[in-house]
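> Each chain, letter by letter, is given below.
Protein chains: 2
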Amino acid sequence: MSPARLSANSAAAKIKAGELSSEALVQACLDRVSEREPEIRAWSWLDADAALAQARACDRAVGPKGLLHGVPIGVKDVIDTADMPTAYGSAIYKGYRPRADAACVSLARAAGAVILGKTETAEFASIHPAATRNPLAPAHTPGGSSSGSAAAVADFMVPLALGTQTGGSTIRPAAFCGVVGYKPSFNRVNRAGLKFSAESFDTIGFFARSVDDIALLAHVMSGQERLGDAGLREDKAPRIGLCRTSRWSQASSQMREVIESAAQKLAAAGADVELVALTPAFEQLHEAHAVIMQYEAARATAWEYRVHGDLLSPAYHQRMRAGLAIPHERYEAALRQAESGRQDFADVWGELDVLITPSAVDEAPLGLENTGDAVFNRIWTLLGVPCVHLPFGTGTAGLPLGLQVVGRRQGDVATLTCARWIEDRL
Amino acid sequence: MSPARLSANSAAAKIKAGELSSEALVQACLDRVSEREPEIRAWSWLDADAALAQARACDRAVGPKGLLHGVPIGVKDVIDTADMPTAYGSAIYKGYRPRADAACVSLARAAGAVILGKTETAEFASIHPAATRNPLAPAHTPGGSSSGSAAAVADFMVPLALGTQTGGSTIRPAAFCGVVGYKPSFNRVNRAGLKFSAESFDTIGFFARSVDDIALLAHVMSGQERLGDAGLREDKAPRIGLCRTSRWSQASSQMREVIESAAQKLAAAGADVELVALTPAFEQLHEAHAVIMQYEAARATAWEYRVHGDLLSPAYHQRMRAGLAIPHERYEAALRQAESGRQDFADVWGELDVLITPSAVDEAPLGLENTGDAVFNRIWTLLGVPCVHLPFGTGTAGLPLGLQVVGRRQGDVATLTCARWIEDRL
Numbered sequence: 001m002s003p004a005r006l007s008a009n010s011a012a013a014k015i016k017a018g019e020l021s022s023e024a025l026v027q028a029c030l031d032r033v034s035e036r037e038p039e040i041r042a043w044s045w046l047d048a049d050a051a052l053a054q055a056r057a058c059d060r061a062v063g064p065k066g067l068l069h070g071v072p073i074g075v076k077d078v079i080d081t082a083d084m085p086t087a088y089g090s091a092i093y094k095g096y097r098p099r100a101d102a103a104c105v106s107l108a109r110a111a112g113a114v115i116l117g118k119t120e121t122a123e124f125a126s127i128h129p130a131a132t133r134n135p136l137a138p139a140h141t142p143g144g145s146s147s148g149s150a151a152a153v154a155d156f157m158v159p160l161a162l163g164t165q166t167g168g169s170t171i172r173p174a175a176f177c178g179v180v181g182y183k184p185s186f187n188r189v190n191r192a193g194l195k196f197s198a199e200s201f202d203t204i205g206f207f208a209r210s211v212d213d214i215a216l217l218a219h220v221m222s223g224q225e226r227l228g229d230a231g232l233r234e235d236k237a238p239r240i241g242l243c244r245t246s247r248w249s250q251a252s253s254q255m256r257e258v259i260e261s262a263a264q265k266l267a268a269a270g271a272d273v274e275l276v277a278l279t280p281a282f283e284q285l286h287e288a289h290a291v292i293m294q295y296e297a298a299r300a301t302a303w304e305y306r307v308h309g310d311l312l313s314p315a316y317h318q319r320m321r322a323g324l325a326i327p328h329e330r331y332e333a334a335l336r337q338a339e340s341g342r343q344d345f346a347d348v349w350g351e352l353d354v355l356i357t358p359s360a361v362d363e364a365p366l367g368l369e370n371t372g373d374a375v376f377n378r379i380w381t382l383l384g385v386p387c388v389h390l391p392f393g394t395g396t397a398g399l400p401l402g403l404q405v406v407g408r409r410q411g412d413v414a415t416l417t418c419a420r421w422i423e424d425r426l
Numbered sequence: 001m002s003p004a005r006l007s008a009n010s011a012a013a014k015i016k017a018g019e020l021s022s023e024a025l026v027q028a029c030l031d032r033v034s035e036r037e038p039e040i041r042a043w044s045w046l047d048a049d050a051a052l053a054q055a056r057a058c059d060r061a062v063g064p065k066g067l068l069h070g071v072p073i074g075v076k077d078v079i080d081t082a083d084m085p086t087a088y089g090s091a092i093y094k095g096y097r098p099r100a101d102a103a104c105v106s107l108a109r110a111a112g113a114v115i116l117g118k119t120e121t122a123e124f125a126s127i128h129p130a131a132t133r134n135p136l137a138p139a140h141t142p143g144g145s146s147s148g149s150a151a152a153v154a155d156f157m158v159p160l161a162l163g164t165q166t167g168g169s170t171i172r173p174a175a176f177c178g179v180v181g182y183k184p185s186f187n188r189v190n191r192a193g194l195k196f197s198a199e200s201f202d203t204i205g206f207f208a209r210s211v212d213d214i215a216l217l218a219h220v221m222s223g224q225e226r227l228g229d230a231g232l233r234e235d236k237a238p239r240i241g242l243c244r245t246s247r248w249s250q251a252s253s254q255m256r257e258v259i260e261s262a263a264q265k266l267a268a269a270g271a272d273v274e275l276v277a278l279t280p281a282f283e284q285l286h287e288a289h290a291v292i293m294q295y296e297a298a299r300a301t302a303w304e305y306r307v308h309g310d311l312l313s314p315a316y317h318q319r320m321r322a323g324l325a326i327p328h329e330r331y332e333a334a335l336r337q338a339e340s341g342r343q344d345f346a347d348v349w350g351e352l353d354v355l356i357t358p359s360a361v362d363e364a365p366l367g368l369e370n371t372g373d374a375v376f377n378r379i380w381t382l383l384g385v386p387c388v389h390l391p392f393g394t395g396t397a398g399l400p401l402g403l404q405v406v407g408r409r410q411g412d413v414a415t416l417t418c419a420r421w422i423e424d425r426l
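Just so you know, the sequences run in chain order U and S.
At position 415 of the first sequence the residue is numbered 415 (my numbering), and the sequence of numbers has no breaks.
At position 163 of the second sequence the residue is numbered 163 (my numbering), and the sequence of numbers has no breaks.
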């Protein structure tokens, strides 16, 4: 088996044990990139020699080694890197080289990671799509805005990648590409050096091919507990709420079936599963999300709009105009709704450990001009709660389906623990 | 009178009416800078020719004009500017020129403002002081970390300036320099392009010489209502809570006297004034603030610490070490305390419009090595509520005292309205 197919945990363990060099691992990833990238277009910047030089430096290093020592990671191109160009998915920033690494990149490097390259993103992590194709079916979108990170991990080009989510930009591409995606609670991953879209929602998320790899990266970034450190794996079966949300009818019948079937399978495996309904107030959070996102995004890229408007896509122009037209009072009202929603959500839980709910309306749609609908992501992003996408089942187009595991705010370790329990049983 | 002494509102009105050119106004400010800067050192970067070129472009402009057309503003040097170096108060960034303007700078320019230059800041808006001196007594600190912005406005070098507050970095220097300072609610001024210190608290704030000027700038930045637009000036007398906080004994006797005397004067002018006590839980927010600030700051500057540690001050190294030593669980617990505090604070209000409380422990202390104590600022920053400093009275060293007006979260217009009522009567 090519080392490119190893999990991050296995690769790190083999490197630590001297059974694998970082150079061999990175070379295997680069070989996969060489083979597949002309079709998939996951990378906005990748310099093989620079990546190998980082890997050789890891192999030469003496002294204590970090938890990601020698392990390559992809970085969404809305996150700054001091040694690689960072274009935010926009022609305005073509060739731009930031002065500093973003905090999350620096923390990954401090743990020994090799930054393999920058992954494609929709323009300013918004809606104008990247050129990336779904590695499982290149005529289909990989989802967005973290298109390249999802595709690169799904296609075994890299075991880990960083993305972001403001609406559904981590969970949806994870779903469309069939990998594990994680949008942490607010305040888990420092955002210094992230190009802001809507600061009330922008969250740095991760892509991997297992929950254990996600948990490793989360530990590196935040210091939160790793899974298994405290016998969590052997915990009793979780109490799961099946949450259809007010938008259940927008999910395809095959998506609804896969969620119901996952619920049955988990119940059969010993989980307590019950239906959970959200109050009608949560439905209003869709509108509040749109108002806050558009209001803030229109201000965050005020310079780009004023000085380089000719280089923005028509779709971005439309978003800017919509955002600038929102009266401050409406934005304030939406902030109040969001705050109430966060307080009300605490009452949903009772004895439950996690909710399960769709990650997307269906498998990845055909075509590259649209990255899909965030209808099953927005309110969780607004609530600031942890979300994990787990692949499960296949749709009629042969593309992956799956479910979203949603936890309590700041209950990330418990959520990942339940997600791993679910992953093991699906 | 020199145009440098005009308020922003007056200057904008005169420019609009053709009674004053932006060039004449900017030249007057530059003359003041020439005269005073060798002693005060408020500016980290100022190019007179570039400022005059902006002013002349305003004077030549045809078509509709923004609310700040031709009015100069100073920008704290932790806020990015595309046409001026931005050093974040650190030798690491000497000569660094960002690619883009921060959102707040671009919004000011869109309203016609002239960016006069960059104002001195403590290293990464933390504690290692800038070289700035208090314009009222150059052997005394101007406060920090927004040292240059406070000093420049106080010294009539510029009518408006942008600062930031993570602990007390806007309100305290405003107090020490005797100008009006405003730390808005969270989410009022977009933070894209701000160098983060602690993202849970970092707030862009303003300096001016009147509440009306603060309100004008707040309207430009957020679209929030301007004062007087809806007859607010003639509102009935406010209901004011005198809030000594648990740290009252840390205020000097002259500071305590000035607050009590302000309360009496306002009551005599018709305000309802009552004592308001905070529950003991609020005292714990001081510790929660320190934990969150240090944890986040240590991650926000991870790159600087790892790559350029030799260029950080010893004080910053100490903060980094303290922040990196905080376990994630402690940070999480502090976030929960902050969240509870925000909910509990809603119960303090009853029928009150605003609180008044000290802005600082005393007048500006002697010496430049320490920017003063944020003990009367931290919990309001953590709560995310609007704060306005108003100068009132003079201490034994001949330096200004004053009071802080604190409002409800997102109640910024009401708070500024009350602050103006109070300003008029003090």
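These aren't lab readings, by the way, just hints derived from the structure by calculation.
Careful, some of the hints might be misleading.
Remember, identical chains collapse to one label, so a pair may be satisfied in a single copy or spanning two.
Said to hold, decoys possible - Think about it this way: if two alpha-carbon atoms lie no more than 20 Å apart in a straight line, the pair counts; the simulated SDA-like pairs of lysine to any residue are:
| id | residue 1 | residue 2 |
| --- | --- | --- |
| 1 | K16 | H128 |
| 2 | K265 | R408 |
| 3 | K65 | A325 |
| 4 | K94 | G18 |
| 5 | K94 | D83 |
| 6 | K65 | L324 |
| 7 | K65 | V307 |
| 8 | K16 | G63 |
| 9 | K94 | A82 |
| 10 | K265 | T394 |
| 11 | K14 | D212 |
| 12 | K65 | R226 |
| 13 | K265 | H286 |
| 14 | K65 | D347 |
> Now tell me if each hint is right for this structure.
Evaluated hints:
1. K16 with H128: neither (42 Å within a copy, 40 Å between copies)
2. K265 with R408: Classified as neither: same-chain Cα gap 23 Å, cross-chain 49 Å, threshold 20 Å.
3. K65 with A325: So K65 and A325 pass the 20 Å test across copies only (19 Å; inside, 52 Å).
4. K94 with G18: This pair counts as neither: shortest intra-copy Cα distance 40 Å, inter-copy 42 Å.
5. K94 with D83: both (15 Å within a copy, 18 Å between copies)
6. K65 with L324: between (49 Å within a copy, 18 Å between copies)
7. K65 with V307: between (45 Å within a copy, 17 Å between copies)
8. K16 with G63: within (12 Å within a copy, 67 Å between copies)
9. K94 with A82: Both. Shortest intra-copy (15 Å) and inter-copy (16 Å) distances satisfy the 20 Å Cα cut-off.
10. K265 with T394: within (16 Å within a copy, 74 Å between copies)
11. K14 with D212: within (16 Å within a copy, 65 Å between copies)
12. K65 with R226: Close inside one copy (17 Å), not across copies (56 Å); limit 20 Å.
13. K265 with H286: neither (30 Å within a copy, 48 Å between copies)
14. K65 with D347: neither (43 Å within a copy, 50 Å between copies)
In the structure shown, a violation is registered for the earlier hints numbered 1, 2, 4, 13, 14, in ascending order.
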